[in-house]
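J.: Letter by letter, the chains look like this.
2 protein chains.
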Amino acid sequence: MSASPAPLRIVIVGGVAAGASAAARARRLDESAAITLIERGPDVSFANCGLPYFIGGEIGDRAALAVQTPASLKQLLNLDVRTSTAVTAIDRAARQVTLQHVTDGATETLAYDKLILAPGAQPLRPPLPGIDDARLFSLRNLGDMDRIKAATTAAAHVTVIGAGFIGLEMAEQFRHAGKDVTLVELQPHVLPLLDPAMTRLMEDELRRHDIELVLGDGIASFADAADGRLACQLASGRTVTTDFAVLALGVRPDTALAAAAGLELGPRGHIKVDTFMRTSDPAIYAAGDAIEVEDFVSGDPCAVPLGGPANRQGRLAADHILRPVEAKPFAGVLGTAIVRVFDVSAGLTGWTEQRLQRAGRDYRAVTVNDNHHAAYYPGAKPLQLKLLWEPVNGRILGAQVTGLAGVDKRLDVLATAIMGGLTIDDLAQLELAYAPPFGSAKDIVNLAGFTAVNTRDGLVTPVDHIPDDPAIQVVDVRPPPLVAAHPLPRADAINIPFGQLRSRAGELDTTRLVVTVCALGKTSYFAARVLAQKGFDVRSLTGGIRAHFDPRTPAKPPAP
Amino acid sequence: MSASPAPLRIVIVGGVAAGASAAARARRLDESAAITLIERGPDVSFANCGLPYFIGGEIGDRAALAVQTPASLKQLLNLDVRTSTAVTAIDRAARQVTLQHVTDGATETLAYDKLILAPGAQPLRPPLPGIDDARLFSLRNLGDMDRIKAATTAAAHVTVIGAGFIGLEMAEQFRHAGKDVTLVELQPHVLPLLDPAMTRLMEDELRRHDIELVLGDGIASFADAADGRLACQLASGRTVTTDFAVLALGVRPDTALAAAAGLELGPRGHIKVDTFMRTSDPAIYAAGDAIEVEDFVSGDPCAVPLGGPANRQGRLAADHILRPVEAKPFAGVLGTAIVRVFDVSAGLTGWTEQRLQRAGRDYRAVTVNDNHHAAYYPGAKPLQLKLLWEPVNGRILGAQVTGLAGVDKRLDVLATAIMGGLTIDDLAQLELAYAPPFGSAKDIVNLAGFTAVNTRDGLVTPVDHIPDDPAIQVVDVRPPPLVAAHPLPRADAINIPFGQLRSRAGELDTTRLVVTVCALGKTSYFAARVLAQKGFDVRSLTGGIRAHFDPRTPAKPPAP
Ligand SMILES: Cc1cc2nc3c(=O)[nH]c(=O)nc-3n(C[C@H](O)[C@H](O)[C@H](O)COP(=O)(O)OP(=O)(O)OC[C@H]3O[C@@H](n4cnc5c(N)ncnc54)[C@H](O)[C@@H]3O)c2cc1C
Ligand SMILES: Cc1cc2nc3c(=O)[nH]c(=O)nc-3n(C[C@H](O)[C@H](O)[C@H](O)COP(=O)(O)OP(=O)(O)OC[C@H]3O[C@@H](n4cnc5c(N)ncnc54)[C@H](O)[C@@H]3O)c2cc1C
Ligand SMILES: CC(C)(COP(=O)(O)OP(=O)(O)OC[C@H]1O[C@@H](n2cnc3c(N)ncnc32)[C@H](O)[C@@H]1OP(=O)(O)O)[C@@H](O)C(=O)NCCC(=O)NCCS
Ligand SMILES: CC(C)(COP(=O)(O)OP(=O)(O)OC[C@H]1O[C@@H](n2cnc3c(N)ncnc32)[C@H](O)[C@@H]1OP(=O)(O)O)[C@@H](O)C(=O)NCCC(=O)NCCS
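Chain order of the listed sequences is A and B.
With the working numbering applied, the first sequence corresponds to residues 33 to 592, in that order.
With the working numbering applied, the second sequence corresponds to residues 33 to 592, in that order.
Some hints here could point you the wrong way.
Just so you know, same-sequence chains aren't split out, so a pair can sit in one copy or run between any two.
What the hints assert, rightly or not - List of simulated lysine to any residue pairs, SDA-like, C-alpha gap at most 20 Å:
1) 413 - 437
2) 413 - 372
3) 360 - 453
4) 360 - 424
5) 360 - 333
6) 413 - 584
7) 474 - 364
These aren't lab readings, by the way, just hints derived from the structure by calculation.
Since this is a predicted model, take the numbers as computed values, not measurements.
With these hints in hand, go ahead and build the complete structure from the sequences.
T.: Here you go:
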């Protein structure tokens with residue numbers, strides 16, 4: 033190698049997911065670069081996503097969460113890591129940042145050729161009365177974790193405010209640690225990002241584990257309770273008295289530094305970047321929870337504060353700095369996310385029905401149920417999948433999956449399908465791995481494709497609720513023992529088991545609309561086909577009663 | 033509904049996967065059709081794929097394997113099911129088939145408007161001396177299963193001939209039932225469809241469960257052993273003495289009927305069909321193990337005797353008969369397949385390296401290792417993924433996955449990616465569901481994408497073996513305790529732990545090629561980047577020693 037040019041000075045602000053990934057990739061691309069990783073907190077490169085599990089005791093070894101340390105990053109990646117050091121200002125003209133040491137307040141400046149901002153996000157703390165109470169925690173880093181873990185030891189009852197992904201993980205882990213738990217959520221259902229029906233199973237699971245759910249009620253203020261504990265006062269007037277509470281209300285991007293430097297921000301304060309993670313200043317890149325990127329489905333600006341995108345964006349920033357020709361533009365985000373609570377998992381990829389509705393976009397939706405693997409092989413567990421697609425071209429817009437096993441697999445297949453621009457016809461043809469312990473000859477993803485195609489082609493017309501209108505005939509095609517054990521909410525439903533439908537269709541009034549109903553939405557589809565061909569105007573309850581009000585309804589009466 | 037036309041007469045030959053699926057779909061599309069399902073055997077619509085698990089006792093309830101019965105198919109689908117009835121001739125001109133009742137030999141004719149052939153395949157029984165011995169079984173249907181199960185009860189030692197998917201399942205299940213098992217395979221490795229290195233973990237698992245592996249040796253003849261048991265004589269001269277043996281050598285299409293009717297067949301006897309499952313006679317369709325379809329990757333004719341394709345092809349035949357305008361052409365097959373043996377799973381989708389080589393196609397390959405979910409979360413299990421792609425455009429040609437958990441998920445993601453025409457760049461960007469119990473912020477599929485892109489872009493050059501040439505410097509960058517515990521097959525390898533490589537690179541000869549080696553192929557990549565930038569000509573062992581000769585090599589020394 034010939035006489036080397038001056039090493040490129042890369043300064044990275046924020047040393048966890050996006051920042052550490054950018055630093056690691058930069059080093060692999062350029063051994064000679066001077067790479068400085070600056071982190072305000074005491075730790076770098078830790079596993080935020082694992083924090084709840086240490087609190088609950090599922091992860092026993094705290095050191096396992098520190099994926100790397102400054103020393104290991106020095107040894108492996110020759111990085112100059114400065115912890116307990118905040119970047120307090122960016123001088124874009126001079127291309128230098130001001131550093132302040134958290135411990136002694138001393139400042140210094142550091143010059144950069146390229147600056148990567150990966151400051152992440154901070155938990156939301158709404159300005160409510162009592163919000164500064166010492167018994168109110170947020171969880172973002174190892175310090176927060178240690179504080180919550182210490183508080184947990186002494187507590188009997190914990191309140192989690194917000195039932196999103198992190199809130200659910202926290203609620204589960206507190207219960208795992210033997211605490212009484214109340215979970216408060218402003219929306220009428222847990223996992224507000226998901227469509228309501230897809231959260232029923234999760235709510236059921238939380239209740240089965242004696243977690244108290246307070247839904248459709250927001251936090252209004254905090255105060256001391258008469259017994260000296262913490263009183264969480266809700267908008268409804270109700271008070272939850274607790275030993276301490278965790279706020280899991282979402283995050284806001286930590287972008288005061290970027291704003292002060294005059295970088296362009298989005299409407300909610302995220303740093304705007306192009307598809308190579310360049311901010312409005314071409315010498316400055318940004319990545320992770322602090323930025324706004326393109327939504328893969330709509331192309332609109334959007335922010336997805338998750339670990340996967342953060343890591344890949346950080347890596348891409350380094351890529352574009354060091355090999356701008358080869359670097360590939362960021363494809364956009366789908367918002368793929370998942371959570372496991374006890375035995376139930378739930379997640380989404382792409383858009384939900386409520387989001388499509390809010391955006392006024394045209395879509396169609398079906399819900400299907402099946403087992404996670406062949407029913408005849410022991411251990412088959414129920415799984416539910418909701419699929420949304422674009423009517424004009426059949427493209428998949430989004431999917432939600434919930435169930436007791438195999439949820440992650442279907443989400444990943446559907447995320448891949450969305451990124452590949454696949455249609456409902458393609459889903460019907462996917463050739464997935466099938467052996468009895470793993471799947472079915474027709475996987476639930478295929479079934480979702482079949483059902484969507486059947487809907488598009490007019491073979492069946494789904495409805496997503498049981499109509500109240502008494503003029504509409506609700507035909508329950510389940511076996512009578514199931515009807516008795518799991519009755520429909522409409523008492524005047526007519527029970528004709530599917531096996532008798534062909535011979536007993538004469539009992540129905542051809543002039544009135546029929547809605548067929550079963551446990552899963554499969555037999556009701558079969559019934560709708562029979563009745564349609566007998567001249568009925570018929571709809572089928574998509575997803576069956578399992579999706580809509582009885583998440584554990586069996587499809588068959590138990591074997592005698 | 034107005035005066036109905038004469039009902040369409042649909043006759044289906046073969047009543048299991050493709051046949052029953054065709055019948056079911058046909059009924060849903062047309063309530064008035066006269067649908068007759070003709071099956072030579074006593075059972076219809078049973079779960080062939082579950083047969084091994086009943087023999088081994090994992091499935092306890094035989095009735096669970098009979099997914100439907102003639103009676104249930106009558107009740108649910110109004111099908112006319114004729115079991116123990118063979119179709120012995122097709123009169124294409126008269127559009128009728130001859131039926132023969134298996135019990136009494138009586139014959140009759142049956143007219144059709146559309147005929148669907150779903151006769152499946154039969155286990156191969158090579159014409160070897162002794163092949164008619166009563167102690168030689170094949171497994172295809174419930175009758176075979178019952179015979180093998182009965183023989184198993186009395187046996188102490190069982191031999192399985194053929195180590196493909198079904199052979200492995202049988203070997204596992206015999207062991208599960210407490211038998212001594214010998215598994216004989218002509219190829220030098222189990223799972224002959226997979227590339228050798230991707231079968232190491234499976235072989236290791238078989239040996240750990242005391243299954244005797246006889247590899248690279250074929251069966252030559254069968255005879256009585258001196259002790260009255262069965263002697264399986266192998267090509268090598270070796271004899272395996274056993275209580276009984278199961279032949280699991282693959283299948284041949286059961287197409288004598290189609291051949292006699294003059295339908296066009298492929299070179300290995302499969303029925304040729306178009307993308308709507310039409311044979312050379314437009315009134316006759318065919319589906320399932322008996323047919324030849326397009327390979328998705330190459331477009332060449334190919335046969336994949338698996339349950340998923342069979343079911344979807346049967347469904348498509350019915351679709352095209354009853355709604356030819358809406359039916360979508362068959363997309364082709366990937367050959368996605370998977371098997372689980374004790375704790376290890378392995379599978380493939382698309383093409384393997386050996387198949388690409390045989391076809392003389394240009395490709396690139398990398399192998400990566402990771403855990404199936406975040407390493408810091410308890411229970412992380414190793415996973416290995418081999419990715420093949422087309423150099424000219426980066427398209428994924430195939431993938432193989434093996435490991436202790438999460439194998440099916442990655443295969444499904446990759447099958448979906450192939451069907452979506454995704455490239456290695458797209459894999460690097462996939463946004464898969466990540467929470468600690470399910471995956472990693474960079475899933476192994478992303479890592480495979482990264483590694484492939486790094487290879488394509490020249491950041492690293494993989495090799496898939498450790499060269500013998502003593503002129504080549506093999507640099508083992510693992511920690512010394514691991515090197516001692518899991519030595520390389522080349523004694524003159526130079527051990528420089530990665531953390532010391534930057535300072536100790538001077539110990540290496542810049543004029544000689546270097547191959548870096550570690551457990552997983554990750555640190556060796558890091559090392560290759562360091563050395564390349566120091567001016568070395570360097571290659572990295574892709575997949576590490578875990579992929580090539582020590583499938584359970586740990587990546588780190590055990591914690592003290
Ligand atoms: C409890 C919890 C569970 C989670 N679970 C999941 C999950 O299961 N799956 C998933 O995908 N994601 C999960 N996430 C989200 C994921 O952790 C984040 O998306 C990811 O960490 C974002 O990475 P980042 O680098 O952008 O920001 P961060 O990880 O927040 O890192 C930013 C760092 O920058 C530092 N910093 C900020 N400003 C400055 C400054 N001016 N000077 C110096 N340093 C500065 C901060 O101190 C911080 O350490 C979880 C997060 C939490 C908190
Ligand atoms: C032990 C075993 C395990 C397997 N495991 C898996 C697995 O894990 N995953 C997977 O994807 N696949 C698996 N398969 C393969 C899968 O079962 C087949 O691909 C599928 O059954 C093929 O369906 P088919 O309808 O084409 O043929 P078949 O299922 O073979 O059905 C054809 C039927 O046609 C009947 N027939 C033939 N000729 C006539 C005639 N002239 N008249 C009347 N009837 C006739 C036959 O008696 C037969 O019952 C397995 C197969 C076996 C045997
Ligand atoms: C039993 C058998 C006849 C069933 O055929 P089938 O009715 O087509 O198959 P399924 O029971 O899986 O049901 C699939 C149908 O229900 C629909 N469906 C499934 N779940 C649904 C849901 N929740 N809501 C709406 N529709 C649903 C599908 O769309 C499909 O209908 P379509 O083909 O009209 O689109 C056939 O699959 C069979 O014989 N299987 C056993 C043999 C076998 O496959 N062996 C090899 C592998 S072991
Ligand atoms: C620890 C950390 C700095 C590691 O960064 P990293 O070295 O880029 O990441 P990994 O250890 O996953 O290694 C990935 C690299 O190894 C390569 N690699 C991985 N396995 C490989 C294999 N078997 N063969 C070849 N290369 C492999 C990848 O291609 C990638 O290199 P590249 O970016 O140059 O292409 C960073 O991921 C981090 O801080 N993580 C913890 C924080 C966090 O992510 N929090 C949020 C989620 S909890």
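J.: For residue 360 and residue 333, with the copy left unspecified, which applies at a CA distance of at most 20 Å: within, between, both, or neither?
T.: The answer is within: 19 Å in one copy meets 20 Å, while 35 Å across copies does not.
J.: With identical chains treated as interchangeable, where does the CA-CA distance between residue 413 and residue 584 reach 20 Å or less: within a copy, between copies, both, or neither?
T.: within (11 Å within a copy, 31 Å between copies)
J.: When Cα atoms must be at most 20 Å apart, do residue 360 and residue 453 count as within-copy, between-copy, both, or neither?
T.: both (18 Å within a copy, 17 Å between copies)
J.: From the Cα coordinates, with 20 Å as the cut-off, is the pair residue 360 and residue 424 best called within, between, both, or neither?
T.: Answer is between: at 17 Å across copies they meet the 20 Å cutoff, but 29 Å inside does not.
J.: Please work out whether the CA atoms of residue 413 and residue 372 approach to 20 Å or closer within one copy, between two copies, in both situations, or in neither?
T.: both (15 Å within a copy, 18 Å between copies)
J.: Within a copy, between copies, both or neither: which one fits residue 474 and residue 364 at a CA-CA cutoff of 20 Å?
T.: between (31 Å within a copy, 16 Å between copies)
J.: Taking 20 Å as the upper bound on the Cα-Cα distance, should residue 413 and residue 437 be classified as within, between, both, or neither?
T.: Cα proximity of residue 413 and residue 437: in one copy and across copies (6 Å, 17 Å).
The structure shown violates none of the earlier numbered hints.
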